[in-house]
Every structure is written in C-alpha cells, then in structure tokens.
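Position chain B relative to chain A; hints supplied.
Protein chains: 2
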Amino acid sequence: MAGISSPSIPVTDRTRLKRLPKRGVFDRAAVYDILDEGFVCHVGFVVDGQPFVVPTGYARVGDEIYLHGSAASRMVRSLAAGLDVCVTVTLVDGLVLARSAFHHSMNYRSVMILGRARLVTDPAEKTEALRAFTNHIVPDRWDGLRPVTSQELLGTSVLALPIEEASAKVRSGPPVDDEEDVTWPVWAGVIPLSLEPSAPVADDHVGPDVPSIDVRQAVNRRRRAG
Amino acid sequence: MAGISSPSIPVTDRTRLKRLPKRGVFDRAAVYDILDEGFVCHVGFVVDGQPFVVPTGYARVGDEIYLHGSAASRMVRSLAAGLDVCVTVTLVDGLVLARSAFHHSMNYRSVMILGRARLVTDPAEKTEALRAFTNHIVPDRWDGLRPVTSQELLGTSVLALPIEEASAKVRSGPPVDDEEDVTWPVWAGVIPLSLEPSAPVADDHVGPDVPSIDVRQAVNRRRRAG
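Protein chains in written order, with our numbering: chain A, 55 to 280; chain B, 55 to 280.
Next comes chain A alone, as it looks inside the complex (with noise of 0.2 Å):
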C-alpha cells in the first residue's frame, strides 16, 4: 500500500543504533529477508504504563506486516486503538564460543519495527491477510484448503503494521577474543543453530488417498539465503 518503497530505510534517533554500529542493517531488501524466514514476532505494546510482549505470528505483504488475532485480546484491542507498537523478529543462528566468559555471544538476525498499526475491515483485504499469513507457514498452501467463510473473516481482527521505521541486527561469524587469550586451551568458535523441521505427524482424520507434505522443501522455500 505504500507505493514504491526506497531500497534503504531512513534510520532514525529511535533506531539508529547506540553500540556496535556495525550490527546495523537498513537495507530493505535484508530486513524483508529476515521477515520472511522467520514464524512468530514479538509484539510489544503499552497498557497502563506496564509493557506487554506476545508472542504472535505474522505474514509480510510488501511493505506492511499483517497480524491478526481475536477481537477480544489485550493485543489486537491495543493495536487497533493506534497504540505505540514495537515488533521484534529474531532468528537464532548460533553460539559463540570464545575462550573467555565475556566474549561469548549468539550469532542472530533481528528485525524491529516501530509504529503504529491499522485495523484491516475491508474483506478483500483481509482474505489476502489470511492467504498471507497460511502461505507464509508453509508456502502455497493456501489453495488447497477449505475457503474461508465470511464468519471467519468476522471474528478474526486482523492488524496491519508498515515497515517506515525498522531496523535489522545481525552478528555472525567467529568469536572475537582478545589476542592475549587465544591461545587458551579451550575450543572455541561457533555451533550453528537453525530451527529444523522433523518427519510431519498426520492427524487422524488423513486419509490413505491425501498426499503426504513435503517438509523439507516447503520450510528451505523460505530461506533465499540456503
């Protein structure tokens, strides 16, 4: 809905960060990366001066994420009353292993995204959502299911956020130690971590004539980078 999106993302005082400017990512095209490969975003949102951070699913559409939920919960009543929201994406890449306390750390990817969201009431758009949202679990899964229903699309609210102020993190590579410790006998570097995908459960209603799903294609579908 923004119409042409600029290829970098203006930093501002709220994101530009403070330390290690260098983990700084404004390219769009990175941050979308992000965003796509990710399954659940932390949104973060103020109610009587307590922040609150949920847990949620989500689907990026062009420059707007969507977020969706039931009318009657504390996230959806505050992001639909134009509440300040900050939603956090983070992917978990690995462990850094140095050979000193300090220098441990975590190779990760994040994405944050300040604003404020606008409740989507117009059906079309709201069916997109929800086509966005299955899709983006696992990739074109959308057609084969039972269409939605106009009392489904009632009792989801779903919220759109646009991505204007954002920001990506990233750490990754080897542990930095300092000079005079690398020589200290412990191993050190990296274990990489990714959340992987195991053989699929059926539940109990599958029958013997419905293709099984393939997993392993549908979830490295998303990841562009391998």
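In case anyone wonders, no lab produced these hints; they're calculated from the structure.
Pairs count within a copy or across copies, as identical chains cannot be separated in the list.
Below are the SDA-like pairs computed for lysine to any residue, each with C-alpha atoms no more than 20 Å apart in a straight line: (1) Lys180 <-> Ser159; (2) Lys223 <-> Ser127; (3) Lys76 <-> Val224; (4) Lys76 <-> Ser127; (5) Lys223 <-> Val94; (6) Lys180 <-> Thr110; (7) Lys76 <-> Ala126; (8) Lys180 <-> Thr210; (9) Lys223 <-> Ala126; (10) Lys76 <-> Thr110; (11) Lys76 <-> Gly227; (12) Lys76 <-> Arg128; (13) Lys223 <-> Ser124; (14) Lys223 <-> Ala83; (15) Lys76 <-> Ala125; (16) Lys223 <-> Arg128; (17) Lys223 <-> Ala125; (18) Lys180 <-> His157; (19) Lys76 <-> Ile88.
Chain B only, in chain A's frame:
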C-alpha cells in the same frame, strides 16, 4: 534470593489469560523448564511512551532471571532505572496445519515475566551471573575458560528480574478442525520444529591438542523432556 518459592505462581489480572485459558500455565517448574530451554528472551520496556522489544541472552538462577549488557545500552539504562519491564521467552515447537486457514496455528511454549529489575552491583553476584550466562549456553563451559577479570566485571551491567508475576502459555497437539472439514482432501497435522545444532565450526586459533566440543550432548542436556 527469594527464599522458598511456592510451586505455583500467583495469577494476577495482568497475567490471567483472557482468551483460551486452557493454554495458561502457572506451575513454577513448567515455567522454569521453558526458561531453561530457551537461548534468547525478548525484553520489552518503554522510553518516551514508545515500547521497545530487544532480543538478548539471559539465564535463570533460582527465582530470578539475569540479563546483561553494556551500561551504555538503552535497555540496560531503562531497566537499571527501575522501569516496568516484560520479558518473554518463546520456544517454537511446530507448525499446525489444518484444513481451513482459520485453524492454522503454531505449537509453542512461551513465558512472560512482568516486573522491575534491580541492578546487580556486588562483584561476587555479578560473577555468579556471568557463570550462569555462560553455562546456560553450554553446560559446564565456565570452568574451562580464561578467568573473568575485574575490568570485564566493571564493563558488564547485570540486571536481575524476580520471577514473581509470570505465566506460561502452551499450545501443543494436532490441529482442531471443524467437524465438517475433516474429510477435506488436504494433509493436516503437525510439522514439528526445533532449534537444532549442526557441526561446530572451530575458529582459526583452536590448536590440534584442544578437544572438540560435543554439540549434541551440550544441547540435549538443556532439554529435560528430550
């Protein structure tokens, strides 16, 4: 520090689940199992009315979780000032694929802790916290490392958040389709997901006499439930 804690965490208006109360867990042991399995938490705090959600490492010791960072970071400054905070840890366990878009879901376990942190200033407690961070990443890692220096202790800010107002949310099991949908000809069930390690990547300084790291054992020891 909290002495003897009760086996259940009191439910408050802020942690009671308004929706799907069957997903709520207030058993202290279950909450701690989730905290002990995660690597990254999402810390929510408010600056000038804007919520921020920042991913960071953590470790639980008794009835508190420790966080750390540079004294200059926005997160540490905000938490050290005694602001209200929300710390959320989420473990993604699977994709729940139903026969309708509406009933797609995720299996997950999450913990939300509300409260105010205290800045840890005692060097002995700070050292204990650093040990906890390190051994939370890889069990028993601390003892083999180059000992921490007093400058490193000074350069690290440690915060402790009591686990007093907290709750867990858990979704597990197969999709719950509408009864009239169970014959719809599409695969439905769960694709289990877990954060898995792959082969460790030693850095350039690991000598031939340094024993390698047993990744599988290190990661599996974190998971009480297999």
